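Add chain R to chain S, keeping to what the hints say.
Residue numbers (UniProt numbering), protein chains in the order written: chain S, 1 to 136; chain R, 1 to 571.
Among these hints, one or two may not hold up.
[Said to hold, decoys possible] Restraint ranges, calculated between C-beta atoms of paired labels, are given here: (1) R:Q188 / S:E111: 47 to 57 Å; (2) S:K84 / R:E77: 44 to 54 Å; (3) S:G99 / R:E294: 20 to 30 Å; (4) R:F445 / S:E130: 54 to 64 Å; (5) S:N105 / R:E241: 18 to 28 Å; (6) R:G82 / S:S88: 46 to 56 Å.
I should point out that these hints are in silico values taken from the structure, not numbers from a laboratory. Since the structure is predicted, the reported quantities are computational estimates derived from the model, not experimental observations. We put the CB at the ideal spot given by N, CA and C, even for glycine.
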Amino acid sequence: MEQPPEKVIETITAIEEMAEDVLADRRQMIELDRKRQKMREAASFNFSFSRSLRKDKTKQKKWVCFGNMFVKLSKQQTVCLVDKEFDSLDEEICNIRTGIRAKVNKLRDSESKEEIRGFHLQALTKDELESLEAVL
Amino acid sequence: MARRSPLPSIPCFKMAAPPVQVQEVREVTRIERIGAHSHIRGLGLDDALEARNVSQGMVGQTSARRAAGIVLEMIKEGKIAGRAVLLAGQPGTGKTAIAMGMAQALGQGTPFTAIAGSEIFSLEMSKTEALTQAFRKSIGVRIKEETEIIEGEVVEIQIDKPAVGTGAKVGKLTLKTTEMETVYDLGQKMIESLTKEKVHAGDIITIDKATGKITKLGRSFTRARDYDAMGSTTKFVQCPEGELQKRKEVVHTVSLHEIDVINSRTQGFLALFSGDTGEIKSEVREQINSKVAEWREEGKAEIVPGVLFIDEVHMLDIECFSFLNRALETDMAPVLIMATNRGITRIRGTNYQSPHGVPIDLLDRLLIVSTSPYEEREIKQILKIRAEEEDVEISDDAVTVLTRIGMETSLRYAIQLITTAHLVCRRRKGTEVSVEDIKRVYSLFLDESRSTQFLKEYQQEFMFHEVGKCESAICCYSTANLGYLEKVNRDKTPVADILSLDSIDHRNKVHDDDDDDDLQGYFGLTIYSEAIRRRPAQPYDPGVARSKTEQGSHPLVQTLDRDETIKSHQN
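If we strip away everything but chain R, and leave its shape as in the complex, we get:
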């Protein structure tokens, strides 16, 4: 996940460049980093693990966020591993967003691997290998490295070469810190390294006591004015403080997968970069497990169980699920978070149906967190946050219009309209996005339900059209939306029906023409179908204002007042 990091300082720009240049660089960097979920900074929970309504980029969905917060605490403890969580809900209800929030909240210390369900199907390695690798990428091993070093600023180097013959060189090196100063005698090897590193008076160096390696850290600030011109790579560092000889401890976190790769073949480390790891033998993995266990006993290493997030988990087939069952029970297992938006579907690889497309025995091991569709004010809030994220000025009326669009079509469609409307607004040299711009892009870009309506009317014109088959195909494509919309308007449908988006009953129910009356409360769709039915001969143009003589009118041409349009429809 891309984390926002401050723009690194570019020293050459400090002096001369006009401010515009720096601004440009910054904008480019920002655009690169905006993704669908880049506005999320965390889960937005307070200390008591209660979800604040709008916080850290997350809006609403309080119960799911609270559940996620509890899972997060479990992960942070690090003692409980091998747990699995399933985030289930309609499309566009924030499942991936919650997972992103958890990733951000965990921070850099905990390994977080995110994969999509279809990623494991690759020709290069088997499914179980891909899953095992994903599992091992999410387990970290924390180790510590300790070195005794001598760090100081060079005051003076004095090397004496013997005047006659080839005797040994002898030398003195005076090092100082802010507190003390001392003189070191140099032997032959040390003199060689110093000359190789081109160490001069005023440099700040580190000498590793164990290996004798010399590292130049930079030049001291006090010597900055010695020369008028410096090389481009000269860095200026502050004079070190404290004692000359200190012990440096560095803590590293490596994942088990990385250790596997290094040890599985001779050019192991190159494979880490190229990604071509191939299959890693299980003997190698056993060895590494035992080695790490040994280190654990000795107190030299710590296991950091991380998080593996599998999105679209209904794409995994029955073999993978059986593998997951077993893998969750090993002692080196991360916390598994899965997300899916399917209802009761067929498990891939079998002909059996199961909730969420996941076998029941795996479901038994899971904690299931469900997400619910957003309310109107939540959608408004989300749109505002996205507008801010994408740097778009938008008027309040436009936000209201967008919210309505979001309610009727889908949240994602409304989010996509933000940037497009912004571009339209820029074209007409406006300052902020207004209702006009929204109308324009709404007419230019169809959402899924309008598109299917159009197809239903004009399917003869399209290539490879097949009557009957096409109809049912369109139908099941649009049930997802229609099912969602029904819930929005008439809160009477049971949840099972909502989630069973692919179930046959639901499909037939909605497609039946007699049921149009049921959809009357939902003005957008009904009016469309009326309009289209009446004038099939003319080319379909969703943006054109229809004359008042017609009964159905474009929902956006009039002001969006639901009661008015229903009245006009009924007249």
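Excised from the complex, chain S in its bound form:
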């Protein structure tokens, strides 16, 4: 089927845009994970360095950096803040993950590639997996 060159360029541009989108999402996820790990480190309980907040026995106030502003907050507040940040990052990563799935599907569709088999399936729970363990 002959298509006029403008239409071809349009299709290719659309595909490239979608691909850029998917890649951007992917990088986003990596960045978020990096932040999440740092949050986890900061708030962790067993960290042998005395940097970790929960292990810190002193009642000193901690410096917290917001963008280009430094604020001194009590230890409890900082711990609370860090925890909340960790949770919100987790949530955001989950959201991006579901979003990326839909985008990849759309991309493959526009590239006329076959859909990845089993992409849309829900995962099996642990006991269900156990019953099939021997086969897998």
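Using the frame of chain S, we list chain R on its own:
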């Protein structure tokens, strides 16, 4: 079906071994994989489902291939199950080849089970059980497994043991990927697993977040030069990319039969390997069906209806056919492809005759695809492809001779002559197979029609010979060939006659001596019978050049020119 896979790399050969060694290994592997249909890679259809004349190992037979392509699309959609297709045609017309082509075209994702009709008759399990198992082997269930894992390269492990007493060990594990690096605190259990797995700095590990299981994937390339000598099992893996904590999703396809076996007894999984499954209770199957249906509702599983190919379906008896009728109507039924080369025969288990040996009510449910015998140029093409597959260099004259042989005797006989001629050629240290080699093997190995001629003449010499009975036995054995040959030469016989290879009328017609004139156009057979009739006393040697004084001469001693030999015969 054996699929060609690239030879796995053998790291120890990379460095020192001379190239000859690797070559040998490769040849052995190749010979093991050559079968009668191993040259087929697919159906050879283009995007519009039109069959290309020579493609992917398939030659000719375009209408049957196109029909098969449409069936294939149906299967790929996956929504239509419980359909049945029958491939019918003379022996040697590519029915099994088309089924193999379909299997290759479907790929690994769709379950494809191939059985022969006689396989279901086993002492260990009943026929219906064998059929049910075959049906359930061809239905796949697709499920997904998801795990959160932490994957990275170990930079440093630091474990602190308490100096005094037996306190808990504490530790730090630094993991990195190409993008980031972080530190994890280790508890008692994790420290134990790490020491058990013998994880060191530079290893690439995966920690399952849910179970805490540690898997070593290998060592990082950057640490390859750390030590001068490594263990034999050390693998080198690239440093992981992206984030440390990722979600891994794996999609599996299991067949319903496998799930049945696992759940039918305690040591279920061993039965999968030994094959001794025995009879599986229908309650177990019901339970599994309902479970899978439940998963389907929840979106956790997907049914993948595959293909069940039954070859020689005329071997099934009436009970099996009734069972098939019903089984095709259940909702978990695969696409059934059957193949047969029988004409109007008796249905096993009854005394009734029916087309293809299949009862009419089942025939009603089928889509019938018929295959026709190959043309001369198609046979030539097929022979060339087989020669290539079997790695045989063959000259063009030899191919022409082989094609003629294939036309007169059968395609399979000609294919078998290829490798044998190649061996003869190697013996005389030739480079490519020539007409001489073909002549030699033609004389050494009889095809079916020559063999029956020989038997007819010399049946007194053979053991347990019974006159009369033997004759009719030989006769019906050779009608298959003769019927085919008649069609080739005189395209006037109606198709029903061709397919009714076992019918009594046809048998009598051909065996009648008066009909020899009818076979005159077919020089090979006629001349033989003349030659043999004239000299019954001498031992039969099909390869010996007969003297010119005789009228009938060996077809291959002269150049194979049909008109010439007919003229000499008529003189």
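Exercise. That 44 to 54 Å hint for K84 of chain S and E77 of chain R (C-beta), does it hold up?
Worked result: For E77 of chain R against K84 of chain S, whose Cβ atoms are near 49 Å apart, the range 44 to 54 Å holds.
Problem set entry | G99 of chain S paired with E294 of chain R, Cβ distance criterion 20 to 30 Å | Since the Cβ atoms of G99 of chain S and E294 of chain R sit about 29 Å apart, the hinted range of 20 to 30 Å holds.
Problem set entry | Verdict for F445 of chain R, E130 of chain S (Cβ pair) under range 54 to 64 Å | holds (58 Å)
Exercise. That 18 to 28 Å hint for N105 of chain S and E241 of chain R (C-beta), does it hold up?
Worked result: holds (23 Å)
Exercise. Holds or violated: 47 to 57 Å for the Cβ distance of Q188 of chain R and E111 of chain S?
Worked result: holds (50 Å)
Exercise. Does the Cβ-Cβ separation between G82 of chain R and S88 of chain S fall within 46 to 56 Å?
Worked result: holds (51 Å)
Of the numbered hints given earlier, the model fails none.
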